[in-house]
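Participant: Sequence:
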Amino acid sequence: MPGFSTAQKLDKLGMRGSDTCELVFENCFVPDENVLGQKGKGVYVMMSGLDLERLVLAAGPLGIMQACLDVVLPYIRQREQFGRPIGEFQFMQGKVADMYTSLQSSRSYVYSVARDCDNGKIDPKDCAGVILCAAERATQVALQAIQCLGGNGYVNEYSTGRLLRDAKLYEIGAGTSEIRRMIIGRELFKEQ
Numbered sequence: 001m002p003g004f005s006t007a008q009k010l011d012k013l014g015m016r017g018s019d020t021c022e023l024v025f026e027n028c029f030v031p032d033e034n035v036l037g038q039k040g041k042g043v044y045v046m047m048s049g050l051d052l053e054r055l056v057l058a059a060g061p062l063g064i065m066q067a068c069l070d071v072v073l074p075y076i077r078q079r080e081q082f083g084r085p086i087g088e089f090q091f092m093q094g095k096v097a098d099m100y101t102s103l104q105s106s107r108s109y110v111y112s113v114a115r116d117c118d119n120g121k122i123d124p125k126d127c128a129g130v131i132l133c134a135a136e137r138a139t140q141v142a143l144q145a146i147q148c149l150g151g152n153g154y155v156n157e158y159s160t161g162r163l164l165r166d167a168k169l170y171e172i173g174a175g176t177s178e179i180r181r182m183i184i185g186r187e188l189f190k191e192q
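The sequence shown runs 1 to 192 under the UniProt record's numbering.
Among the clues, some could well be false.
[Stated by the list, open to error] Estimated spans, in silico, between C-beta atoms of each pair:
1) 83 - 6: 23 to 33 Å
2) 1 - 38: 26 to 36 Å
3) 93 - 159: 18 to 28 Å
4) 43 - 93: 27 to 37 Å
5) 143 - 46: 48 to 58 Å
6) 35 - 8: 21 to 31 Å
Hints are computed from structural coordinates only; laboratory data are not their basis. Beta carbons are placed, not taken as given, at the ideal position from N, Cα and C, and that holds for glycine.
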């Protein structure tokens, strides 16, 4: 399209498999047939999809938490200290139990809100809530995965560092955690 171009690719902390760059519009004419919604009301079109975007994005942290467990569980079965697998130690069992319950509770919340949306009940506080909950838990689970692997969790031979970097984006994209808290608080305040 004349007048539209992309700027240089951004070098990101995480989600490196997904290219990101600035979109440049210079004297760009958009024909009427390509206009979404009404002229001058584009922000409304964009904002109208944010609730569902937040819900859909909440699936990403679920995958990250599962990937963390997929790295940690074989590791704690194989890695030995004091003549036995580190997975036999109660403290390590507690860590993986916390990781597991974070995943399962987040998964249940996401599925519940998705079911409501499928049934036509789209609630902004729940759409903000699922991504807030899942994103922050994914970051914590990724940190625990690094901790479970000890020094190996800090080297790039294992995927734990990448999982942490990727998890962090979910606390920022489609509205930061702070914005999500504001949405939830505002919606709760409005309820009778």
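Participant: Give a verdict on every hint.
Facilitator: Against the structure, the hints:
For the pair residue 83 and residue 6, the supplied restraint of 23 to 33 Å is violated, since their beta-carbon distance comes to about 57 Å. Between residue 1 and residue 38 the beta carbon distance is about 20 Å. The supplied range of 26 to 36 Å is therefore violated. Between residue 93 and residue 159 the Cβ separation comes to about 22 Å, which falls inside the hinted range of 18 to 28 Å. Look at residue 43 against residue 93: about 50 Å separates their beta carbons, and that is not inside 27 to 37 Å.
Separated by about 33 Å at the C-beta atoms, residue 143 and residue 46 break the suggested range of 48 to 58 Å. About 28 Å separates the C-beta atoms of residue 35 and residue 8, a value consistent with the hinted range of 21 to 31 Å.
In this structure, the earlier hints numbered 1, 2, 4, 5 are contradicted, and the remaining ones agree with it.
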